[in-house]
Amino acid sequence: MRGILLASLGRGIPVTLAMAGLLAVTACGSGGEAAVSAEGGLPAEIKIMTIKDRTGPVAFTGLSTIKGIELAVEQINAEKFLGETKIVLESKDPAGKAQTAASQMTAAIQDKSYAAVFGPVASDQAAATSPLAERGKMPIIYSQAGSEGVVIGKYTFRATPPMTSYYRVIGDHIKSKNVKTLGVVYNTTLPTLKEVAEKVLPEMGAELGFSVVSSAAVQMTTQDFAAPISKVVKEKPDAIALLLVGGQNPTAMRQLRQAGFDGLVLGNTAAGAGNLKPAGQDGAGMTWPSDFHPDQPGESTKKFVDLYQAKFNERPLNYAAEGYDSAWWLARAVKQAGGASRDDIQRGLDVVAAEGFEGAMGKLAFENRDMRLTGVIVQWNGTEEVLVGSDS
Amino acid sequence: MLQDLINALSLGSIYLLFALGMSLVWGTVGILNFAHGAIFMFAAFVSSVITDQVRLPLPALIVIGAAVGALLSVAVQLLAFQPIMRRAKDHRSGEMQILIGGIGVAAIPLAIAEEVTGSNPFGFAGSSYVTSTFSLLGVRVTSTQLMVVAAALVIGIGVIVWLRFSRSGLALRSIGVDPETASLMGVNRRVLSLSTMAVAGGLAGLAGVLLTYNLGAITPESGDVLLIKAFAAVILGGVGSMAGVIVGAYVLAVAETIVLTQTSGLWVDAVSFGFIFAVLLFKSEGLFGRREVRRT
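Chains as they are written, first to last, in the UniProt record's numbering: chain A, 1 to 392; chain B, 1 to 296.
Everything labelled a hint here was simulated from the structure, so no lab data went into it. Don't take each hint at face value.
Now the stretches of chain B that chain A is said to cover, found in silico as 3 or more residues with beta-carbon under 8 Å [said to hold, decoys possible]:
| no. | region |
| --- | --- |
| 1 | 113-119 |
| 2 | 257-268 |
Here are some, though not all, of the chain B residues that point toward chain A, as calculated from beta-carbon distances under 8 Å [claimed, not checked]:
| no. | residue |
| --- | --- |
| 3 | Gln3 |
| 4 | Asp4 |
| 5 | Leu11 |
| 6 | Ile14 |
| 7 | Phe122 |
| 8 | Gly123 |
| 9 | Thr133 |
| 10 | Arg140 |
| 11 | Thr142 |
| 12 | Gly216 |
| 13 | Thr219 |
| 14 | Glu221 |
| 15 | Ser222 |
| 16 | Ile228 |
Where a beta carbon is used, it is the ideal one built from N, C-alpha and C, also for glycine.
In isolation and in its complexed conformation, chain B is listed as follows (with noise of 0.2 Å):
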């Protein structure tokens, strides 16, 4: 039983990492980046691919993932959302080809990958930090795990912080409600956006790391995977919540893990889905989501 919760708070770390940078840009900018899955993928390729040829430490490693996952969130923002959103008719059909647009731009790392690698998994063979795997009353918990847990906790909670008591986790909660008036107040809008991107990208990065060092690989195509389960952790505590993305992606890892413990396993990702169709019909803001939010 200890086990099983451990193991389900381990997955729900990995949610969260994954999930906080995509749902920073969502509630706040508005953004809904499927390219996350792309940035996060790509920076721990990049990482893999240095860490074949020099032998680097962990925090080696996690440094260059976030400077890769943010420099391509940013080149994203620069190179492909900002001139959509510039030519939309409007906010929201700029929302929308957002959408496509952020599909499109994660073929690109994704195919680099691919090529790279021929479609195989890589890890950070290379790298000269070695897990290790304690064991007490039974229970098996490894130092990776341990790593990714305190850092999924302190970052999230670091970004609730820093979006309810700064000036400029202020300011960037008042583009979420209302883009036009935060404008009016003095908020450079296009430069909080920036700054939110390079942040959510460097956590995509940092998040790619931590977890190819706890699954020891990942493939190309891990990043369109864990994009559904943040998906699913984000509807279910409520978009522009961090807070209700700690709680959702918790949530959403246990419930899987006694899914999986206590069935045949076929039902898991039923589970996340069904938690985003129940939350939508039932309380279509999330958990801790605002009743009404408005961005245009």
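The following block holds chain A by itself, in its conformation from the complex (with noise of 0.2 Å):
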């Protein structure tokens, strides 16, 4: 989904603020050398602040993040991944402000003893940090955050694939069931989003026969869904796309099934995650392409939901997996790098990302510090998300 949840984009990257954090980062100069750095060595300990948000509108997904990093932290420092090193996390909650997000960010350049930053879950967060780490040189890991201006250069890395990289793994279930026509209603505000209705799918459909014969596009702050639903219901296409943000699924599906369509209806990553329990039946047979999801097949996804619900007692969702995957991304350029500086750490992401590896979410691989991977197909049956194809 990267970032498809987070309102927040709406309102615009604060570049003002950025440009501020900047000149304060730019008198500090750090240059790198954190003072964990050890020549020839690691250090006892390797201190990563956490920005992630722990209160808030994305906070479902910063916990989420942080407990599938805190996850793979224990089982890093338990197996003694890096010998006698430990990694020791510092959480910082920006409570949905990219002011705060931005201040936390200063505050962890300026601060020698940490060697990376795990980087806020909203874009417009995001988008005020990624040029200050840049300019601090400091190494920075994203999960979520999906938009333009995130991954900026050497330092930002991602550590969710875009949903426009793995959106055509639905392209074989959308064929087995000969739909020939697409009715796509669509959350215009954000960039993803809308590049899948007005790009991807189209796309999809020229090679899969299929056509979109009607769209429309709703905002942030649309909740009645009934006057688009009825335009797209309108042309009887065989499926319908419902491209929204968290909150707005559930009632999408409710009004979309009081029109009367029954056929198969595709969504996006922000259905996940509980967002449709409120739907009930309404929801079921929703079908969207995810990053992860807690029974797709693979040894390293086995590990990952095993130890997770062990620690938590409950199942996964992706935002965990793809913390745990940044904490271990992480922990792998350290041991490849030899070194925790932060330009170590820089080199030894670029590295594991040249190699990739596998982790929670299957075969990972990276393009311009940015994750890719296959995806899998997700469905909600009305009771909870179910996996209904992978080609993993």
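From these two lone chains plus the hints, build me the complex, please.
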């Protein structure tokens, strides 16, 4: 999904904020010489700042991501993956505010004891912290935060694949349902959803033999979908794609069923994480491509899911898997570089990205410091999300 | 076309139900309550929490929602707005401070709901009420939509009748025109303000429950979104005119529906704000508002 749920995207990039932070960071002139660096070896502790929302509108993403990171760090330390060196997390809560995230990022850069940062999940926060990271030469690994302007240089990395890169995995499912016509209702405020609606789906249609016969754009503020759904249903499409943010999905699914549509419904990962629960049986059948499902095949996934369930007594969400893989990416980078200075970690992250690795989300590859994977197909069956397809 | 009209009527009723309480307080007591959205949301949230534990029918949830809304609204008035007004240098600065106070107060129920729900949407899955869908001549309408439209119109007209023809309604309107003179005429401003806040909160709670049923689910942030729409409806209709709010809500909904069905939908929010801008520019008192309202 990468930032789909992040309503704050619409507020724009806080350029002024970033510029102000840049001045502070430039003055600091850390130059990537973290105090934890030890020439020729690893320090006893590698301190990492985690800037993830524990409160505010995207808290459910932040909290889940933190669980994944904590699980990975616990495992890395317990297995002595880095020998006697321990990774230590310091958690900061930006509480949905780009301004707070930028302040926390500036503090991390100025405090030489921090070797790297796990960046915020919201795109507007990430867009504020990325210029600071680049200027302060602080490696930062994001998850979610899917907009442009986040991965902008050699110190910014992202452990969530863009939805547009794996949406096509649902192609076979669409083909199997003999879909010839498609209607689309999409949230036009978010670039990722807009791109899927206006570019990815029509391109898939050209390949798979279906055409988009009607579409209706809605905005972040839309709460009643009766009119756009009515507009799309009028064309009697075989399938409808609802590309909406988290809280919009249950209402739209309910109103789609009330409008009499009982065909295939495509969604996006923002419908996951329990967002369709209030729709109950009206939500049944919504199907979407995702970067992770706990039932997907693969030893590394199974190991992650077992560990997660043992620790938290619940099934992991995709955000937790992304957090887990972020932390392992970092640990592998430290090991690869043989050092824990900021520059060592930056170089290590690049090397690991070039090689790829098996993570909680399966086989991971990277393009320009941005994650890529095949994806899986998930469906809400009225009570829970189930795996309906995987190429992994 | 008929389906679009029904959709517009339903959307307008949603805006109206939400805007009624806000307009009532703003047009009479003179408080623009930015906590109204939070009261709306929190009433629905409490009802949702209760219905998760006990299976309840729709009327019971309406009573709970209205009661929670009324209590919360009275608490806001007693603990925030009245102290602000008492300490304010003059009435005008007090009104300005209340705007900020309302935003601050709204953050508390919002934070509680976000904490409990994890910012996920919530609804009334545990309620015994099930929405039915009726289809006639290709037009589909749900029982909840019909209920929302009926409630909005009945309550809207009821509030107009109350304000115009009842003794307490007249007293309330007199506060909106000239509070000092109203006091001299024996109107107990404090009690009446408190009662008005209770009614407005009750309406917000009622709207919260009905809209959650209608939409299936709302999020902790839903109230803030509706606040903007209600603001547009009130400005369009005219502050202080309940009939204006009714017209404003439906005009806004019809305009949005036309934009949505005839264009890509990108311009829907621009229509809301465009209405506010146009009205402020060419008819600042709104379609039905009084040309001059003096409250100090």
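How the hints compare with the structure:
1. 113-119: The restraint on the region 113-119 of chain B holds, since 4 of its residues have a Cβ under 8 Å from chain A and three suffice.
2. 257-268: n = 7 at 8 Å, threshold three: holds.
3. Gln3: 5 Å, holds
4. Asp4: 7 Å, holds
5. Leu11: Holds - the Cβ of Leu11 of chain B comes within 8 Å of chain A, reaching about 5 Å at its closest.
6. Ile14: 6 Å, holds
7. Phe122: Holds - the Cβ of Phe122 of chain B comes within 8 Å of chain A, reaching about 6 Å at its closest.
8. Gly123: Hint on Gly123 of chain B: holds, closest Cβ of chain A at ~3 Å, below 8 Å.
9. Thr133: 5 Å, holds
10. Arg140: Hint on Arg140 of chain B: holds, closest Cβ of chain A at ~6 Å, below 8 Å.
11. Thr142: OK, holds: Thr142 of chain B within 8 Å of chain A, min 5 Å.
12. Gly216: Hint holds; Gly216 of chain B Cβ to chain A Cβ min 4 Å, cut 8 Å.
13. Thr219: 4 Å, holds
14. Glu221: 6 Å, holds
15. Ser222: 6 Å, holds
16. Ile228: 7 Å, holds
Violated hints are absent here; each numbered hint is respected by the structure.
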